[in-house]
Every structure is written in C-alpha cells, then in structure tokens.
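J.: These are the residues of each chain, in order.
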Amino acid sequence: MEPSLPNRARLSLHIPEPPGRPGDLPDFTTLRLSAAGEVDRPPMDASEPSMRELPYRLIRVLDDGGAAVGPWNPHLPVETLVHGLRAMMLTRAFDDRLFRAHRQGKTSFYMKSTGEEAIGAAQSLVLGAGDMCFPTYRVLSWLMARDYPLVELCNQIFSNARDPLKGRQLPILYSARDYGFYSLSGNVGSRFGHAVGWAMASAYRGDDKIALAYIGEGTTAEGDFHEALTFASVYRAPAVLCVTNNQWAISSFSGIAGGQETTFAAKALAYGIPGLRVDGNDFLAIWAATAWAAERARSNLGSTLIELFTYRASGHSTSDDPTKYRPSDEPAHWPLGDPVERLKQHLVALGAWSDDRHEALALELDAAVRAAVREAEQVGTLGKSKPDLREMFEGVFKEPDWRLVEQRRELGL
Amino acid sequence: MNMVQALNSALDVKLAHDPDMLIFGEDVGYFGGVFRVTDGLQKKHGLKRCFDAPIAEGGIIAAAIGMGAYGLRPVPEIQFADYILPAYDQLVSEAARLRYRSGGEFWAPITVRSPYGGGIFGGQTHSQSPEAIFAHITGLKTVIPSTPYDAKGLLIASIEDDDPVIFLEPKRLYNGPFDGRHDQAVKSWAGHPAAEVPEGHYTVPLGKAAVVRSGEAVTVLAYGTMVHVALAGIEDSGIDAELIDLRSIVPLDIDTIVASVKKTGRCVIVHEASRYGGFGGELSALVQERCFFELEAPIGRVAGYDTPYPHAFEWDYFPGPGRVAAALRQVMDGQ
Numbered sequence: 094m095e096p097s098l099p100n101r102a103r104l105s106l107h108i109p110e111p112p113g114r115p116g117d118l119p120d121f122t123t124l125r126l127s128a129a130g131e132v133d134r135p136p137m138d139a140s141e142p143s144m145r146e147l148p149y150r151l152i153r154v155l156d157d158g159g160a161a162v163g164p165w166n167p168h169l170p171v172e173t174l175v176h177g178l179r180a181m182m183l184t185r186a187f188d189d190r191l192f193r194a195h196r197q198g199k200t201s202f203y204m205k206s207t208g209e210e211a212i213g214a215a216q217s218l219v220l221g222a223g224d225m226c227f228p229t230y231r232v233l234s235w236l237m238a239r240d241y242p243l244v245e246l247c248n249q250i251f252s253n254a255r256d257p258l259k260g261r262q263l264p265i266l267y268s269a270r271d272y273g274f275y276s277l278s279g280n281v282g283s284r285f286g287h288a289v290g291w292a293m294a295s296a297y298r299g300d301d302k303i304a305l306a307y308i309g310e311g312t313t314a315e316g317d318f319h320e321a322l323t324f325a326s327v328y329r330a331p332a333v334l335c336v337t338n339n340q341w342a343i344s345s346f347s348g349i350a351g352g353q354e355t356t357f358a359a360k361a362l363a364y365g366i367p368g369l370r371v372d373g374n375d376f377l378a379i380w381a382a383t384a385w386a387a388e389r390a391r392s393n394l395g396s397t398l399i400e401l402f403t404y405r406a407s408g409h410s411t412s413d414d415p416t417k418y419r420p421s422d423e424p425a426h427w428p429l430g431d432p433v434e435r436l437k438q439h440l441v442a443l444g445a446w447s448d449d450r451h452e453a454l455a456l457e458l459d460a461a462v463r464a465a466v467r468e469a470e471q472v473g474t475l476g477k478s479k480p481d482l483r484e485m486f487e488g489v490f491k492e493p494d495w496r497l498v499e500q501r502r503e504l505g506l
Numbered sequence: 041m042n043m044v045q046a047l048n049s050a051l052d053v054k055l056a057h058d059p060d061m062l063i064f065g066e067d068v069g070y071f072g073g074v075f076r077v078t079d080g081l082q083k084k085h086g087l088k089r090c091f092d093a094p095i096a097e098g099g100i101i102a103a104a105i106g107m108g109a110y111g112l113r114p115v116p117e118i119q120f121a122d123y124i125l126p127a128y129d130q131l132v133s134e135a136a137r138l139r140y141r142s143g144g145e146f147w148a149p150i151t152v153r154s155p156y157g158g159g160i161f162g163g164q165t166h167s168q169s170p171e172a173i174f175a176h177i178t179g180l181k182t183v184i185p186s187t188p189y190d191a192k193g194l195l196i197a198s199i200e201d202d203d204p205v206i207f208l209e210p211k212r213l214y215n216g217p218f219d220g221r222h223d224q225a226v227k228s229w230a231g232h233p234a235a236e237v238p239e240g241h242y243t244v245p246l247g248k249a250a251v252v253r254s255g256e257a258v259t260v261l262a263y264g265t266m267v268h269v270a271l272a273g274i275e276d277s278g279i280d281a282e283l284i285d286l287r288s289i290v291p292l293d294i295d296t297i298v299a300s301v302k303k304t305g306r307c308v309i310v311h312e313a314s315r316y317g318g319f320g321g322e323l324s325a326l327v328q329e330r331c332f333f334e335l336e337a338p339i340g341r342v343a344g345y346d347t348p349y350p351h352a353f354e355w356d357y358f359p360g361p362g363r364v365a366a367a368l369r370q371v372m373d374g375q
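Protein sequences appear in the order of chains A and B. Plus 93 on top of the position in the first sequence (first one is 1) and you've got this note's numbering. Plus 40 on top of the position in the second sequence (first one is 1) and you've got this note's numbering.
Heads up, some of the hints might be wrong.
[Said to hold, decoys possible] Lysine-lysine pairs mimicking BS3-like chemistry, simulated, CA-CA at most 30 Å apart:
1) A:Lys491 with B:Lys88
2) B:Lys248 with A:Lys491
3) A:Lys491 with A:Lys479
Since the hints were derived computationally from the structure, they do not count as laboratory data.
Build the full structure now, drawing on both the sequences and the hints.
T.: This is the structure in structure tokens:
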C-alpha cells in the first residue's frame, strides 16, 4: 500500500547539466562577465569586509581591442610582456610536440595546458626565486617562464636514463625545487594544504617567502581545499591560493563542483579572506591580481583566494576525448578568447610586436623543442632506456632498511 | 616519570634545543592535550611553539608536510589514532612518498604522535590499533613504545629522524604498566625500573628491539601494551619464554627476532589489533621464511578478534595473560 503523503508536490533530485553536449551549439550566455577595466582595485591593505563584492565580478585588463584598461592595469614593461608571451608560446609548442610523442608511443602519458598558459607564465614571473609554487599538472608555463631546461622535461616524460626524478614518477608530474616548483602527485588537491603549511613555516621562521598553490575547480569539492582554507584563514598564512576554473574536470562540468550556485572565488567569503575572480586568459589581469595578493601576503595580511576563470581547450589528458561530452567547437566559442592571441594582440597594439615577429618566434621555439626532444630521444624513450635499477630502491627512506637492501640484492644489484 | 611525563619531557627537551621543532594539534596548546602530554609546553616555550589546530586531521598532516618540506620538524598530534583516517591520504600519498617521487628534492621529517589502543573503555572510536595499515605503506616508520624510558628516547629519535614517523602511544600505559588483569586498579609506574627517566636528551634508536626477558623455550614477540600482558602471561604459564619488545615495527629488528626464534624453536606473536591482516601476519611470515627448519611448532598468534572494537565486551576482546598463557602452552604441547 502507498504510504500517505502530505498534499505537496513530490520532491525531485537536481542533477546539474552543462548548457551544451556533443551536437549542441556552444552556449556561454549564462556566464557572468564584467567588462575590461570595470572592477575596482581596492588598496592592498583594505579590510576583508570591504571587498565582499569582488568574488562576484571578473577582474579584466585587456579589452577586446587589446588595450590595457582600468585600475588593475599593471603597466608592465614591454620586455616583461614579451617574456610572458614567449613562455606561453613555448608551452604550447612543447605541448603539441610531446602530445604527438605520446601518439608515437614514446611516453605513457601527457597532459596539455592549452588555453591556460597565461596563468603559470604570469604567476611565475610575479613570484620571487625563494617563493614556492605548489602546482597542478597544467601549469607547465611556470617552468617555461623560468627557463627550466627543455631536455630535462623530455627526460622526465620519457622516464629515460637521465630522468631527473629517476624513473619513479608519472610523466609531467615534475618536481623542480630550484625553480620554486613543488613535487606533484596524482591525488588532486592533496598539496593545497602543504602550501599553507609551507607558508606557515616561513612566517614561523620570520622569513619573507610566500607560497602559491593551485587547485582545479573540480577539486574544490575535496576536503583538502576546505581544510587548507581553514588553516590559511586561522593562521593568516602568507599564501596565494588559486582555483584554476577551466570549466571541466575530465568530463564533469564546473556545475558538478557547485559552480552553478556561486563563484569559486566566493568560497573565500566563509573563511574571511579576500576572494578575487580573474580573467584567466588575460596575462595582465592575472599578473595584477597575483601581485596584489602576493603583496598582501608579504605584508603579513594573510592569504587571498584567486579564481582564475579560464577554459581547458584540449582534453584532460592523452587518455581523454572531449568531443564525447561537450560540443566539439566549444573551445573556439569561449568568450574570453585565447591567452596567447590576446597578449599578442596587446603587444601589437602597443606597436611592440608584429605578425612577422610572432611567426619567427613560433618557429624558433618549435625548433628549440624539436632539438630538446631529439636530444632526449638519443638518451631513450619509454622502455628503451631507464635510470639505474638501483634507483628503484633509493629514496624510500633516507637510508634503506634491510627489506630494501635484501630486495635490491635479490635483483643482483 | 610515568609515560605521559616522559613524553612531555621529550617534547620539552626538543623544544628547548631545536628552534625548528614545533607542536600543533587539537587541544594541545593552552589546555595541554586531552591526555596532558603537552601540558605546560605552550606556557614554557610560547604560543608559536605549541598551539591548537582546527578539527581537521587531513589539514593538520598536510600543514605538517608543508612545514617539513620547508625545513621545520613539526610534531603534530592526532588526538586519538582512531581519528587518523581522515589524514590517511596525506600520510600515504604524500608524506610517505614525497622523497621518493621528487627524486630527493623534498621530504617530510614529521613525527605524528597519536594515542592508540584499548583498555580505557573508549569504545570503537577511542580504542583501535591501526599500526598494520601504516606498516604496509612503504616510506613511513611506525614506532610504539612500552615503557616511559623508551617512550622518551624513541620520541626524541623519531623527531630527529628525517623520515615521516607515526608514533603510537599506548594510552593504557600512560599512567602505569598494565598486566592485562582488568579487575585490578591501574598500577603506578613508580618504582618500575623503566620509569627512571633522565631529565635531559637521550635517544633509543629506531629499529632496535629490546629483549625484555631471556628464555629458552619459546620466543614471544610483542609491542606496546601487549609487552606487559605478554610478560604476565609468561609468568602465569611458568614457561621459560623469551620476550622481545619490538619498539618499532618499521624499521623492524629482524636480526634480533630471527636469532631468538632460532634459539628457542618456537614463536608466539601478541598484538592488540584485530588478527586478520594484522601485523602479526607479517611477523609470522618473516619468521616462517627465515626459521622454518628450526621451528618445532606452528607459530602462535594472540590478537584482538575480527570485530569492530566492542564497548561492553572490551575485556573479552582485549588479549589478556590467560590467552597468552594458553598460546604458550599450545606451542609447547602441540595441543
């Protein structure tokens, strides 16, 4: 028998869905975008309660014509802009070449940063040599902006005899301490709290270093995110905490992480720290927001949460085909454009850049990547070369215990 | 000193001599910890050296790892080992592997202190012994003292170690030794030789077992609270058993274990954690692999039952001297 129900409509479970699936027209009409230059820039030491509207607006500097406008314009010298552009273009050239290397069976895995290159490039240049970035796998441009050797990247990706991580780590989960780049693991979000602890340690010691961390918008659902923000807030950790909202967590759109209900920047409000929402395809806006948050951190005013609003133009990884879950031409319709094209346009508008110079730089960078790949291939690609097998047993502990010694001996090493 | 005082003394010594060492965790600061292990340390060494943390075990360990990567030696406390599971991902995926995966660029010299084990009527969430789930994870060290002297020396050694250490404190032994006879009042550590604890700095090395009692007939392997239960069981049985306190299960003092079993020809393993998949299984396999031709009887195991930790049945669940004595008689008689 049916249980008796009160005279109300039945409940129904809400499952969020993105505006477009394969075969549909891309639809970004629901996005809340501010115009370039529209959002106020509060003083760096403004009180948190006075900034609670910021997370609902979008900080943008570059307008549709490539001009830098508004209070967040960082007024960067041309050399800095070209440095950033070069890092972004190098990242793209490297991604294209190494993605192809995967298709040729030279590595087991690769992940591209396509569409998000401005983030790592700008933030790498804003932060200092002693600071530490706690990266995700989509900020290769951080390393590119700091001239990390391309051959070393290839050696790591090929897990060959010269792999700086000694054959122990999945391709592209780099570690580069000297470049301010913390070790990655595959468990998303688990390093967000390390950044806060690292920043707390700097403050504890009375040093002047700050931490910068990334988490994907999908990963904000993890407890790691909320625990790290609690610690950041409670101890006023000198950290810049970034949510890279590229709209997609593998095949799950940002609504599955709560992105339809509020902005990711607004998550800062519950923790009593400033939240900025920034055009993640705008090199200048990222620079300005990061510099603002970094200055707050250096002034002992604590953490800032920055949502970098961008779009993952390629698949999640070499194992992913995004045309299976979103309109195939969706990337081309992203309303905030392509970060490389936008910075190029800005430089052209300044009279400091041209199509010819751009083309020449692209060719130069592609040649540099090809040369690096070739050099690493000489050492060997996956399965054709590997570090000394003894490395398998090293670094488990500072000194191997008897188990490792015995097991290494079993292999005759 | 009792064990709480010995642990407090270890932390006090390290705070005094190593400015990179700091303590944080739930209620460890002003209040001094729910078991009083950090009592007075904040007042003596300052707010920044010993402070309270949010109720976020994963966040506590994540912050500790970041601090360790920076160059500090954090000593976070997890209030009960039962609460360590929200931090398990941080311990397993991050602390244990940071040195390995980064090619030696980063590491996490953290010491995670946590009271563990039963015998205080704490029910399921205040009584468990999770050591096996850490012993299985390579890259972590797991240390479990059984006396005040060892507790202080092992804790200082753990803090000074460059690898991540899980330091499990048998809370049943905090205020006195325990012989498994639950109808007796808690004994005091006063007068016990292991309660003579020096005030200053000393270490007990990790990976070195202690022979608590020499014997010829059978080797008993135990750690933590069970060392005391095993000793009572040996006395009850009247069997000339050799009792080895492992002190750390990673690193494990395999040489002492093997030498003893080769001498006695018999082995009984005692632990408080439930039996199936427990660390006793690993010990049993190691002894069998290395001492098979010297063994005169199947290896005996005394452990908690394979149920969640039961509140009303605590003294039926918790291994006592009677079960140890029965296991000893069984390996001696083959019955």
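J.: Each of the hints needs a verdict: does it hold here or not?
T.: Evaluation of the provided hints:
| no. | hint | in the structure |
| --- | --- | --- |
| 1 | A:Lys491 with B:Lys88 | 29 Å, holds |
| 2 | B:Lys248 with A:Lys491 | 17 Å, holds |
| 3 | A:Lys491 with A:Lys479 | 22 Å, holds |
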